[in-house]
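Turn these sequences into a full structure, and let the hints steer you where they fit.
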Amino acid sequence: MPELPFPLPSVQQVIFVLIAGLMILGALTVVLARNLFHSALGLVAAFFGAAGIYLVAEAEFIGVSQVLVYVGAISTLITFAIMLTRGMMFGATSPRNRQSGTAAMITLLAFVVLWALVSTIPWPQAGEAIGDGEAIIAGLGRAFVNEYVVPFQLLAMLLLVALAGAIVLARDRK
Amino acid sequence: MVPLSWYLIVAAFVFCCGLYAVLGRRNAIAVLMGIELMLNAANINLVAFWRYGVAPMQNLDGQIFALFVIAVAAAEVAVGLALVISVYRNRRTVNLDDLNLLKG
Chain S
5 MPELPFPLPS VQQVIFVLIA GLMILGALTV VLARNLFHSA LGLVAAFFGA
55 AGIYLVAEAE FIGVSQVLVY VGAISTLITF AIMLTRGMMF GATSPRNRQS
105 GTAAMITLLA FVVLWALVST IPWPQAGEAI GDGEAIIAGL GRAFVNEYVV
155 PFQLLAMLLL VALAGAIVLA RDRK
Chain E
58 MVPLSWYLIV AAFVFCCGLY AVLGRRNAIA VLMGIELMLN AANINLVAFW
108 RYGVAPMQNL DGQIFALFVI AVAAAEVAVG LALVISVYRN RRTVNLDDLN
158 LLKG
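Residue numbers (our numbering), protein chains in the order written: chain S, 5 to 178; chain E, 58 to 161.
If you are wondering where the hints come from, they were derived from the structure by calculation, not from laboratory data.
Any given hint could turn out to be false.
[To be verified] For each label pair, taking beta carbons as the anchor points, the in silico distance ranges come out as:
no. : chain 1 : residue 1 : chain 2 : residue 2 : range
1   : E       : LEU140    : S       : GLN103    : 18 to 26 Å
2   : E       : ASP154    : S       : SER123    : 34 to 42 Å
3   : S       : ASP176    : E       : ASP154    : 21 to 29 Å
4   : S       : ALA133    : E       : ARG148    : 55 to 63 Å
5   : S       : PHE84     : E       : ASP154    : 46 to 54 Å
6   : E       : MET114    : S       : LEU12     : 40 to 48 Å
7   : E       : GLN115    : S       : PRO126    : 21 to 29 Å
8   : S       : TRP119    : E       : MET114    : 29 to 37 Å
9   : E       : ASP118    : S       : ILE19     : 25 to 33 Å
10  : E       : ARG148    : S       : SER123    : 18 to 26 Å
[Stated by the list, open to error] Covered stretches of chain S, as calculated for chain E (at least 3 residues, CB under 8 Å):
no. : region
11  : 57-66
12  : 115-127
13  : 144-150
Just so it is clear, CB atoms sit at the ideal spot from N, CA and C, and this is done for glycine as well.
Quick look at the structure:
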C-alpha cells in the first residue's frame with residue numbers, strides 16, 4: 005500500500021468536520037440572510053452544531069443543556085419577537101446598516117488575528133482519557149452545591165430578576 | 058482525537074460572524090442573534106479548554122463556567138427581546154439606524 009502524504013482522518017475527526025460545517029453554515033445564514041426568519045433558522049442550525057461539538061468534546065451535560073435552553077427556549081423567544089415586530093420583516097430594505105463596510109473590515113481583521121494566534125501556538129493534539137459521563141455529571145452536581153454554591157444562588161436570583169424585568173418591560177402600560 | 062486548534066478555529070469563525078451581526082446588521086433582533094452566536098463561540102472554547110486541560114475528570118471548572126454562560130444568556134435574551142418589543146411598541150420600528158434618540 006502506498007504511503008499517504010497525510011494521516012487518514014479518524015471517524016471522530018470526520019464527524020467533527022461535518023458538525024462544524026453545519027454550525028458555520030448556520031452562522032453564515034444568520035449574518036447574511038435578508039429575511040429575518042431565515043436568520044432564525046440558521047441560528048437553530050448553529051445551536052444544534054454547537055451541541056454536537058459539545059458531544060464530540062465529551063461534555064454530554066452541556067450538550068443536552070444547549071439543546072434544552074438554546075434550541076428549546078431561546079430560538080422560540082426570538083421567533084416570537086420576529087413575529088411581533090413583523091413590520092420590518094418583509095420590507096425590501098437592505099439587511100445591513102450604514103456602518104456595515106467598516107464592520108466587515110473590523111470583523112475580517114479580528115478573524116485574521118485570531119487565526120494567526122491559533123496557528124502559532126502549539127496546542128495539544130489530544131486530551132487525557134476520561135471515564136463515563138455520569139461521573140462528570142455527578143462531579144458537576146457536587147461542585148454546584150459545594151464550592152460554587154454562592155454563584156449558583158446568585159444566578160438563580162439573576163434569572164428571577166431578569167424574567168420579572170422582562171415582563172415589566174414588555175407589558176402594555178395602557 | 059480532534060486537535061484543540063480545530064475547536065478554536067470554528068469558535069473564532071462563529072465569533073466573527075456574531076461580531077459582524079452585532080456591528081453591521083440593521084435589525085435589533087439580528088443583533089441579538091449575533092450576541093447569541095458570540096456567547097456560543099465562547100462556550101465552545103470553554104468546553105474545549107476543559108477537555109484538553111489538566112485532569113478533566115477532577116477539574117470541571119470549564120464546564121461549570123459554560124453552564125453559567127448558558128444561564129446568563131437566557132436571562133440576557135429575555136430582557137433584550139422585551140426591550141425590542143417595548144421599543145417597537147413606542148416607535149413602530151426596530152431599525153437601529155432610526156433609533157438615535159440618545160445621540161448627542
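Hints, verified against the model:
1. For LEU140 (chain E) paired with GLN103 (chain S), a C-beta distance near 21 Å keeps the hint of 18 to 26 Å intact.
2. At about 37 Å, the CB distance of ASP154 (chain E) to SER123 (chain S) agrees with the hint of 34 to 42 Å.
3. For ASP176 (chain S) paired with ASP154 (chain E), a C-beta distance near 26 Å keeps the hint of 21 to 29 Å intact.
4. Checked against the hint of 55 to 63 Å, the pair ALA133 (chain S) and ARG148 (chain E) passes, with Cβ atoms roughly 56 Å apart.
5. PHE84 (chain S) and ASP154 (chain E) have their C-beta atoms about 24 Å apart, which leaves the hinted 46 to 54 Å range violated.
6. Distance hint check: the CB atoms of MET114 (chain E) and LEU12 (chain S) are about 29 Å apart, inconsistent with the given range 40 to 48 Å.
7. The given range of 21 to 29 Å is respected by GLN115 (chain E) and PRO126 (chain S), whose C-beta atoms sit roughly 25 Å from each other.
8. At about 32 Å, the beta-carbon gap between TRP119 (chain S) and MET114 (chain E) stays in the expected band of 29 to 37 Å.
9. Checked against the hint of 25 to 33 Å, the pair ASP118 (chain E) and ILE19 (chain S) passes, with Cβ atoms roughly 26 Å apart.
10. Between ARG148 (chain E) and SER123 (chain S) the CB atoms are about 46 Å apart, so this pair departs from the stated range of 18 to 26 Å.
11. Counting residues of the region 57-66 of chain S whose beta-carbon sits less than 8 Å from any beta-carbon of chain E gives 8, enough to reach three: the coverage restraint holds.
12. Only residues whose C-beta sits within less than 8 Å of a C-beta in chain E count toward coverage, and the region 115-127 of chain S has 6 of them, enough to reach three; the restraint holds.
13. Here the region 144-150 of chain S counts 3 residues with a CB under 8 Å from a CB of chain E, which clears the bar of 3, and the coverage holds.
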